[in-house]
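J.: Starting from two chains that each stand alone, build the complex the way the hints lay out.
Going line by line, the protein sequences match chains A and B. The number in the working numbering is simply the position in the first sequence, starting from 1, with 2 added. The number in the working numbering is simply the position in the second sequence, starting from 1, with 642 added.
Simulated from the structure, these hints should not be mistaken for laboratory data. Check each hint, because a few of them may be wrong.
Residues of chain A placed beyond 12 Å of chain B at every Cβ, according to the derived structure [what the hints assert, rightly or not]: (1) G66; (2) R108; (3) G114; (4) A124; (5) E137; (6) S248; (7) A277; (8) A297; (9) A311; (10) N423; (11) G451; (12) E469; (13) V480; (14) L489.
Partial selection, computed: residues in chain B whose CB lies under 7 Å from chain A [claimed, not checked]: (15) P669; (16) M672; (17) F679; (18) L703; (19) E752; (20) Q805; (21) R811; (22) D917; (23) R961; (24) A967; (25) A992.
Backbone N, C-alpha and C fix where the C-beta goes; we use that ideal spot for every residue, glycine too.
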Amino acid sequence: MPVLSAENPAGAPSVKHSEVGLAERVVEHRLSNGLQLLMVERHQTPVVSCIIAYKVGGVNEQPGMTGVAHLYEHLAFKGTQTIGTKDYRREVAVLRQMDQAWSDLRKERDKGPDADPDKLTAYEKRFRDLERESETYVVPNEVGEIYERNGAVGLNATTGKDLTRYVVSLPANRLELWAAIESDRMAHAVLREFYKEKNVVLEERRLRYENSPSGRLYEAFLSAAFSAHPYGMPVIGWTSDLEALSRAQTETFFRTYYGPGNAVIAIMGDIDPRATIRLMERYFGAIPMQPPPPAVVTIEPDQAGERRAEVEFEAEPSVLIGYHRPALDHPDDAVFDVIDSLLSGGRSSRLYKTLVKEKQRAVNVSTSTGVPGARYPNLFMIQATPRFPHTPNELETAIYAELDRLKTEPVQPRELQKGLNNLDADRIRSLDSNSGLASHLSYFQAVAGTWRYLPENRERIARVKAEDVSRVARQYFVKSNRVVATLVKKGKD
Amino acid sequence: MAGRVFIFMVALLISHAGVSPVLAADPRTMTFPPVEFHPPAAERVVLENGMVLYLLDDHELPLVRLHAMIRTGSVYEPADKIGLAGLTGMGMRSGGSPSILGDALDEELEFMAAEMSSLIGQDAGFASLDVLKKDFDRGLALFADMLMHPAFPQDKLDLAKLQAFEGIRRRNDNPAGIAGRQFAIRVYGADHPLARESTVETIGRITRDDLIAFHSAYYHPNAVILSVSGDFKKREMIEKIRRAFANWPPGKQDLPPLPPIDDALKPSVHLIEKDISQTHLRIGHLGIRQDDPDYFAVTLLDDILGNGGFRSRLFKEVRTRQGLAYSVGSIFTVGNLERGLFIVYGETKAPSTHQAISAIEREINRIRTEPITEEDLRLAKESFLNSFVFSFSNSAQIANRQASLEYYGLPPDYLERFRDRVVGVTREEIRAVAQKHLRPEALIILAVGRPDRFDQPLSSFGSVNVIPLEPFREPAGTSPSR
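Isolated chain B, as found in the complex (with noise of 0.2 Å):
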């Protein structure tokens, strides 16, 4: 059949000079056996202080990486000083140690081309160090340093506040950011330490003895999960890390609980006005936890609906067929402390705001009615096992993976049975978690651009929430005529 249609073509594109070739084989009909292979997998120690290592030794490069992660998290600072985590995670880096400060530091790390990090997250602290193994020994000793002895200068806490500032001043500036963080405090709440955001008055209060405060209060061995990936012994290794965080003694830590998520249902429409062209869509409500027994079903569900890239159906219907949007898809995202958020986002012209939120609601509506096809399910389960590999592309994301997997209390062997379970997933527990974990009727709505400019009004799915976009107030102190 292929050579039939090759040769009519040749007379059709006569610019194209020459014979056309046949196809060797046809990519619509190749198989190939499953990908045979036996990852590599992470020893774990754990140190006197408290302190588990993940350890994956790989000589291919003369590298070794850390990467730790720390219990902490922006979920945990006052309500009257959100920013506080943030800045206690980048001052410990920025500001260097009372042996090496933080300008000095710079540039001992950057002239061995080593690259140290640190920050705090929502629900995580990390810090990383990457460097060449001949200078492994001095770049353990300030990645150490930086753990457990930060000095928090003042003038670079001073630096830091003034950046956040600016950081707030310009958080406007992109429609796609207003989207995502409206989306949030709309499932959330405000307040909630899922949504909240920083302010000028929330950084303007927080001081040096704060930073201090929030850093021996979480920063304790007994708290650091590391995983140690590269060229190196093991044995050595271990001991190394032993004599480098030996004088760091284990600590106790108050992690209270989140404040409860209202989890009613909140159907609603909401408006941002900005003067751009294309109206930023996100669509959606409250998602599931990853330790939800679901969860492994949703993924698959999230993969057909959105989550996955050419074959997902949000991307044929509001990409391919109707030409509404270039990025267009869906995301359960993990819920680990609480659960996550289930998001449907897309960019469209604003004539045609009302045609693609329609397309949307359309295709969530069809995957919870209509049983999906064989195909479908296939097409969804061969795609994930066939990347699965993927999952072990290098000795640091095996090591990392163990680690986060012990830090997030999943078990060790969760990607295993994660695909054990996608296997067995039918089409019936598709449908079942659609019908529990999407629920149409009661979707939020938010679209950020010019109403004047829709193809219909926005109150078409509901009565409209305007939520103005609050102008920057200067914080106290500051003169703008400088």
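For reference, chain A alone in the conformation it holds in the complex (with noise of 0.2 Å):
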């Protein structure tokens, strides 16, 4: 394949890309066992950037079980019957002999006051020394190991409530590699130094959400909002679900929800499609197929009127408002679209100028729609942090004004345009970064369940009119489906 020159002697381009919209640059394929591939060439450096979305996440979770979802992507590193094992076979019966060993000792301590203390210190003792004894069979790292020694940068995964990413970026003569290592996680994947990633996770838990003042908030606003679906539960999990979950539910849940049906692949870079779908029918192709995941059912009742939460913390006032909202498959999903670019889409936008740099009551305000996620009905929500003297009370009565002139002042058309203007830029935009495209292509491919989804928005977006904002925000911004969440400093009254 040639590389395209950027010191062409003409000056002239020899491929007018940017005249190529996205939809005639992605290149699908689905293997005959459900999994999905899409690909988009890209050949300005040697390089390319893979990602393996599956469709699972915290939504996924059942309460007493919360941060399974998270805590196995944390687990998905710890390697296979081959990566990250001196000899599998040995170090499987110690782990099934050390589950045993947590079960005992878990049980005892369950019965708090009545635990025998004698039986606690044994049980303690014999799960300790099993773990030392599997630990001489791990190679640590393993995976990150092989990924790193061959130039990979960006190596990370995350969950969320729709779904859980694995991305890496890497020389593009490696995607041999990757295809290798990822087919072998998803289909022998073993739940090794199980015990102790639970205790990292739960240092994430205290770094992102317990002592950070935006991260308590943002759970308790959750938990205020959703009283029956799971998008109210954290995606990191409660410390004590974490300390619950066993090993063998963490293996069914990945048994479940990983199978090749319920995964994305997003390859972009310097890539052949034809030779890259061979490559893939090679490595995953093998790969059985599996029952659909059970699908959730909980839906989330009509609120019926306004939930307010307060959060205290050792730190200044924020607050954040949400509504609750259809589904990304609504016909007013992209109406909100709109309404979140007229709120906060830069300096000039409705929040920032009135909030910021007008009243200036606010030293920030954003909004998002799709919060926590998408993919379920969810929340369109609006963050704002005050300036002192001003009060979270304060910016709640500016923010409902401006909702309130949404529903009764049309909207120019020369706003609307702007933001059209800002989604086409960005869609440009998004071409220049292999693994920022492959990210928004995964993402709609396994939530909106095609990728399409992006293309047809930008139409929908533009058919939006000065009465669809009105009429939504009349439907939607209304006291009874508000959720309020307030941070406040501790010790003050």
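T.: As structure tokens, then:
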């Protein structure tokens, strides 16, 4: 494949990629086991970004097992029956004994004051001894080490409400390495160093949520917003659930949700799509099809009245405001995108102009649509930070006044056009990053059912009219549909 | 061998129905040739007024990007007006120019989906424009106006100062911020330009005249290195930029040297009390300059110790093996004007604070006393060399780096030299730089958290200096009753 030279002697581009839309550049392929593959060629640099997204996340969890999707994501880096072990046969025997020892210890501990202290000591010792023994078989962090040795950058994974993604960028000639590791992880993952990794996740929880003012507030906000649907539970998991999770439960979760039919691969960069399809067939093709995972059945009932939550913390105040809205596939979805951009798209947007520049009550304000996920009915969220001496309450008043304006004053065509201009420019800019575009494509394929959501939604947004905006504002931005969470400084009344 | 293992697994995992696939190849033993790649280079041009341009055209997308570095920095602001550089840099963008004031500028830029910014950091000023090709001429006019003729209207300065006060009020909300700022103060001293912080008083003193004076003292074309990348024709672009800045006369700059840093070792233990369940740790001391001949070997040392992702020792020991932290690692910050910092960072639950500090200390000691293995060195080198291609991911990155190397006085082939030096580094060199640049006997240990919940008192590492968090003092003239 010839590499596009940036120093073209004639000064004229050899390929006018900019004139070719995204829709023409995505190559799709589906394996017979259901695995979906998306590819975009881009030959500027001999590198490739690879994402494998699984349609699983916090939304698939049950009370008592919160955090299992994210914990598994951590364990996916512990390796397989081949990678990360010196002797898998011996190792797995010790792992099973360890699970038994942990379960005995856990049962005794759960007796609380009635627990037998001698038994506790004995179980604890047995568990620690086995844990030490199991470590002798481990090649620590071998997945990461193989990737890094091969020049990987941006090796990471994220777990959200709707999906879990594993991302990495590699020199383009290492694509086979990626296929070998990821197919092995899909088929033969081994949950080793399980109990230690739980402690790492508990530290992550302390870092991002317990001791972070914004993390704490967000957790309380979601809990208040959803009384039934799993969108109300934290992806990182409650501490007690994480402590109680067993290796067997986590493995069952993996077996249920990590089949090939539940996965999307997006590969963007210096590749030949035909050769890439052959490669993926070779590595992933033999992985057996799996039954589809169970559906999320819970539907959040209508909210009958405003909900408010307060978090006390050693930090200055801030506020989160949410309104329930329908899922991504609802016709009003594009209208919320437009409202999002009207309210907080840049310094000339409505909320920034009013709250930060004119009234000067806030240091920042932002909105997001699709919180905490988008596949199921979710929230349109407004975040604002007051500037002393102004209070979160004063910000609420000013924000509600702006939302009321949306209901009554028709939006001017120029304001709608500005939003569309930015959407189009963002789409061009997103093509500049292999990892960024791979991330977009895999997200919409997994959550919206097709990556074509991207171009289609652009057309839906272009058709949104002033009266759609006012209708949606009137319908959803009402007090009884609202959730408000406020961070207040500890020790202040 | 692999085949036997898989057959065994099918029997074990009965819930995973079907035939287990056979691995096509073992990723542990796969080998690949090095990536052959000859990245393009930006062309350097000097304009009559002294402005340096780096141009790299790339016609993939209809975008043009400008990125300027301006020779200035907060290190040059007066000690009684800390915050002046920051307010000047932001004010250039937020206030607009006499021909288009800030709010109208925001509106126009956002309508054409252009992004324009200006800021001044510790040792450089930055200005950038990211615009669609079709809007480039207008974008360039606005960009040139921002650099040459900022209006600095009083109302935008007043607002920026109010925002700065709020930033100071919120400074101690997040433990990571407290730990980072306090560590720099412990190393450089609270008054040194590399560590000092703005206060309500220093911000309060800053006037519009100060912004005008700071801008005119440093913003001259001969102080600007501008990189240009994207979809354009080079000759035409040079002409456009020449015209846009034609009336900007060169000027003289006064860049006083930084006050000397006190490089005496300062072994010490510091505690900042905050009611949180996790202790934030910063452990380290003064680091090295980027032009230090040891810099290359130190980069590999740092990679092996704690900056190398999954394979680094701190990650393996403190996170993977002991389960004590989610984020843990080390970094030698880039020392441009002065020596940088060597920092080990980590966060752990209060009851394992002592255990985590001890584990970190052990790793710092171990890499000095035990020679690293050939395997350690090979891994670090392969990771560096195989990921080298990502230094050339797009034309903006290439052009901006060339500009940055010139700004910091580094040779144009710095990156290539770096690569060649890394190839040649030996275990003995790593050991020598570890001995010289890691000083476990002189660590500054800083903890933010709740000492009443620590596993062992911090005093086991030395006598503890308790740093009080200063309560926020209201700026004069603000009434809290409103």
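J.: For a quick check of understanding: which of the numbered hints are violated here, in increasing order?
T.: 5, 10, 14, 25
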